[in-house]
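Colleague: Numbering (the numbering used here), first residue to last: 189 to 522.
I should point out that these hints are in silico values taken from the structure, not numbers from a laboratory. A portion of the hints provided could be inaccurate.
What the hints assert, rightly or not - What follows is a set of in silico ranges between Cβ atoms, one per label pair, in the way DEER data are often shown:
#1 Glu-209 <-> Glu-297: 49 to 59 Å
#2 Lys-485 <-> Asn-282: 30 to 40 Å
#3 Glu-328 <-> Asp-272: 31 to 41 Å
#4 Leu-494 <-> Glu-459: 49 to 59 Å
#5 Pro-482 <-> Glu-209: 21 to 31 Å
#6 Glu-375 <-> Glu-209: 21 to 31 Å
We put the beta carbon where it would ideally sit given N, CA and C, even for glycine.
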Amino acid sequence: MFRYFGSKASTAQGVADLALEGLHSATVADAFGGIGNIGAAFKRRNCQVTTCDLLDVPNAFQHTRLVCQRIPHFGKVREELQLDSIDSVLAALNGTSRASSWFVREYSEQRNFFTAGNAVRIGSTWATLCRWNKRGLLSENERKYLIASFINSVDACANTAGTYYAYLKTWHRKALRPFEMSFFPIETGFKAGQALKGDALECLRGKSFDVLYLDPPYNARDYSRYYHLPETLAGLRPLKIDIESKAGQPFVRADKGPAIRKAMHLSYLTELISSVKWKRLVVQYADGAFIQIPQLKEALACQGRLKSYEVSALGYMSKNGTRQHKQHVFVIDA
189 MFRYFGSKAS
199 TAQGVADLAL
209 EGLHSATVAD
219 AFGGIGNIGA
229 AFKRRNCQVT
239 TCDLLDVPNA
249 FQHTRLVCQR
259 IPHFGKVREE
269 LQLDSIDSVL
279 AALNGTSRAS
289 SWFVREYSEQ
299 RNFFTAGNAV
309 RIGSTWATLC
319 RWNKRGLLSE
329 NERKYLIASF
339 INSVDACANT
349 AGTYYAYLKT
359 WHRKALRPFE
369 MSFFPIETGF
379 KAGQALKGDA
389 LECLRGKSFD
399 VLYLDPPYNA
409 RDYSRYYHLP
419 ETLAGLRPLK
429 IDIESKAGQP
439 FVRADKGPAI
449 RKAMHLSYLT
459 ELISSVKWKR
469 LVVQYADGAF
479 IQIPQLKEAL
489 ACQGRLKSYE
499 VSALGYMSKN
509 GTRQHKQHVF
519 VIDA
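All chains, please: the whole structure from these sequences, using the hints.
Modeller: This is the structure:
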């Protein structure tokens with residue numbers, strides 16, 4: 189799974205259980221959806237889930253995991269290339285040999301994000317996706333599904349420690365794995381949700397849900413720059429890269445940072461809480477983050493009957509093993 193910095197994979201199942209205690213087939217809003225781990229946990233419990241995010245990559249993952257009910261049919265692509273199955277679409281993506289010289293130059297020759305062989309294969313697959321998109325062969329559903337599948341496959345052989353703010357000085361063992369595009373698995377038999385791209389306050393204002401789940405940014409890190417390369421690839425067109433940037437960031441930097449940082453403030457959260465109609469509010473937050481836990485708990489206690497829980501979350505792997513983090517889950521009933 190793509191190692192998105194805001195991932196809540198280790199806590200998603202337990203938090204969903206706490207959030208849905210006594211509820212069945214609820215409507216749920218996940219205001220800061222990330223790559224959809226918590227949203228998918230809610231979906232598996234027969235909830236109809238609405239998610240939000242400002243960035244293209246998490247939006248593509250949220251769409252794939254919460255909106256898609258099956259692997260897309262790729263009708264126009266199959267008709268254009270005379271392909272007889274969905275599997276043949278995947279084979280066509282893996283069998284291309286026309287690499288993107290832009291990608292190879294910027295992220296292999298000049299910066300060791302990928303080995304030379306993987307860069308050629310990744311660049312070839314990406315160039316094909318770009319051509320299909322430019323020629324109008326992809327629906328929105330197909331485009332987002334392919335972006336999520338592609339980024340997930342690319343990340344599996346990236347020479348990084350977790351984000352794309354820098355590459356490793358020596359080749360990590362996973363970077364030596366050969367790149368192969370694979371389709372993201374779809375969990376069938378559950379209600380389709382929706383994945384909104386934009387600021388949570390703007391997207392959710394005035395809407396009504398059984399559960400409003402909030403997992404706001406814990407610090408001022410700019411996800412749009414920490415994950416600049418996946419975001420650039422998701423745009424399906426090459427960008428001018430800043431030659432002075434060791435990480436290969438676009439010459440014109442992403443502008444989502446201020447909006448991301450705004451969402452980490454308690455004032456933003458309280459406005460969001462008051463702008464959405466909900467029956468149950470669930471807030472997940474970490475010790476030592478931007479908002480002090482007593483301050484957050486006091487503000488949430490004003491919203492209704494509050495219950496407080498603690499869960500353990502896994503952090504990044506280090507030389508000393510896996511780091512554990514204590515996180516708080518506040519459940520408030522109106």
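Colleague: Each hint should be assessed against the structure and marked as holding or not.
Modeller: Outcome of the hint check:
1. Glu-209 <-> Glu-297: 49 to 59 Å: 54 Å, holds
2. Lys-485 <-> Asn-282: 30 to 40 Å: 51 Å, violated
3. Glu-328 <-> Asp-272: 31 to 41 Å: For Glu-328 and Asp-272 the Cβ distance comes to about 24 Å; the hint is violated.
4. Leu-494 <-> Glu-459: 49 to 59 Å: 19 Å, violated
5. Pro-482 <-> Glu-209: 21 to 31 Å: Between Pro-482 and Glu-209, where Cβ atoms are some 25 Å apart, the hint holds.
6. Glu-375 <-> Glu-209: 21 to 31 Å: 22 Å, holds
Of the numbered hints stated above, those contradicted by the structure are hints 2, 3, 4, listed in ascending order.
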